[in-house]
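Starting from the structure of chain A, add chain B where the hints point.
Given next are the chains, with one letter for each unit.
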Amino acid sequence: MVSRTYGTPLPGMPKGRLSGKLIVIEGADGSGRTTEVGLLREWLEVQGHPVVDTGLRRSTLVSEEIDRAKQGNTLGATTMALFYAVDFADQLENKIIPALAAGSTVLADRYIYTLMARAVARGASREWAQELYEFALVPDLVIFLDARMDILLHRSIMKYGSLDYWESGMDLCLSPDRFDSYFLYQGRLKKEFDWMAQPYGFQTLDANRTPAPVHTDVKRIVAPLYGKNGGRLGRRRVPREPPEPTDPAPSAAAG
Amino acid sequence: MIPEPPSPAHGYPGRLLVFEGLDGSGKSTQARLLGKWLQSRDYRVFFTEWNSSDLTSEVIRRGKKKGLLTPTTFSLLHATDFADRFERHILPPLRAGYVVICDRYAYTAFVRDAARGCDPKWVRNIYSFAPKPDRVFYFQVPVQVTLERKLASRLKISYYEAGMDLGLSDDVVESYQKFQGRLRKQYDLLAGVDGFTIIDANRQIEPVQNQIRREVRPLLERFPTAESLTHGE
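Order-wise, the sequence lines are chains A and B. Residue numbers for the first sequence follow our numbering, so the first one is 1 and each next one is one higher. Residue numbers for the second sequence follow our numbering, so the first one is 1 and each next one is one higher.
Please note that a few of the clues may not be correct.
[Stated by the list, open to error] Here are the simulated BS3-like pairs of lysine-lysine, each with C-alpha atoms no more than 27 Å apart in a straight line:
no.	chain 1	residue 1	chain 2	residue 2
1	A	K95	B	K132
2	A	K190	B	K65
3	A	K70	B	K121
4	B	K65	A	K95
5	B	K66	A	K95
6	A	K70	B	K65
Simulated from the structure, these hints should not be mistaken for laboratory data.
Next comes chain A alone, as it looks inside the complex (with noise of 0.2 Å):
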């Protein structure tokens, strides 16, 4: 991928070409999102692509702190929007960059987007939380998985056996009612992914159906990232074209 930031870059941030691939999943509490991040990441390993993974809330700087933070629920909105970006600008330095520069496909489970939704959900503008995180990297994919609310509601109820405090947005006192707050919240998500999609190039995936039927999309999208042929998908899908009689090397023509 080409060493590209959305702003000024970071100081020390290395120029030109970073031979790996950067592959965004984003999507709701409930999307699918790392599911469909494990069934990639074997397909990519199978066709011989190394993978690093990554996600929020992991750095080895601050997660820890973030956890007891959001345990005792003390913190302003501005300081904990604050706090996540020191953890990926953490990640984005000391993992990233040196996992890309390594040619390696980093496959983030969630990336600056949700980071900024949060924050804007949370009262920041837009502006200031774009300026924010406009130190990171251009991914070469961003993938959106779309849900209905209904079905995230249910999927979450199934996965947490209740609805999640800090998923319903608790922390923001839209509603003393966990139900209604959840659907507050994540509407105003919803509503902060829904004006990025196209600043930001989003290839939205209707996350409504199960994980295999997306994972095929997920693969036809991905796959054009490894080269004309795109892997063993790939291969099968580049139409067969009849070659030009006067072209020495017909392969070259295709894709």
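Same frame as chain A, now just chain B:
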């Protein structure tokens, strides 16, 4: 009770007084003496320092010790810490009508982050939640003087204070001089942009304190005392 007129700088009923300057410029001593004076005159005073929140101080300490921090994470961690301090300790008293004295404010971040190579515009955006103070006292002092004060008091120069992470020099004292020189240059630059009140800090403590008290007095005109607020007029 006559409500205090809101501050023209930020619109809150309280007053926000900021003390900025290099380490060893004497600003903390001056901030404390000012606080004492205001309290003795029965004003409600709230005092806060840089890097004082429990939340991130542990991470910052650990990160510094293990050399885990880059200019960006260094900057963002301090911003997190400041935001916590701001949301908890600065904004509520400001809204309640206190005189809030800050020993360092967002300007410390502007200066340090710029010296470490972060984009100044990016840093300013991050701190855009912090309102403009009523007054910023900038304690201007030659780097050499801060170094002499430091050596005289036998305080150890810390790794980050000397900017050793920037690799300016292997020698602590030399690195300190270079790094603090950069900070000084940034402070002088901000002084014009952000309208600092420049205090010549290369003087005895008392005349400096007298000057600050003179500067602060007009900011507190018609400002209510604690007695009048808790017991009415």
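Against the structure, the hints:
Taking the CA atoms of A/K95 and B/K132, the gap is about 37 Å. The hint is violated against a cut of 27 Å. Under the criterion of a C-alpha separation no larger than 27 Å, the hint pairing A/K190 with B/K65 is inconsistent with the structure, at around 41 Å. Using a Cα cut-off of 27 Å, the hinted pair A/K70 and B/K121 is violated, with the two alpha carbons roughly 30 Å apart. Under the criterion of a C-alpha separation no larger than 27 Å, the hint pairing B/K65 with A/K95 is consistent with the structure, at around 20 Å.
At most 27 Å may separate the alpha-carbon atoms for a hinted pair to count; B/K66 and A/K95 meet this at roughly 17 Å. The straight-line distance between the Cα atoms of A/K70 and B/K65 is roughly 25 Å, inside the 27 Å bound, and the hint therefore holds.
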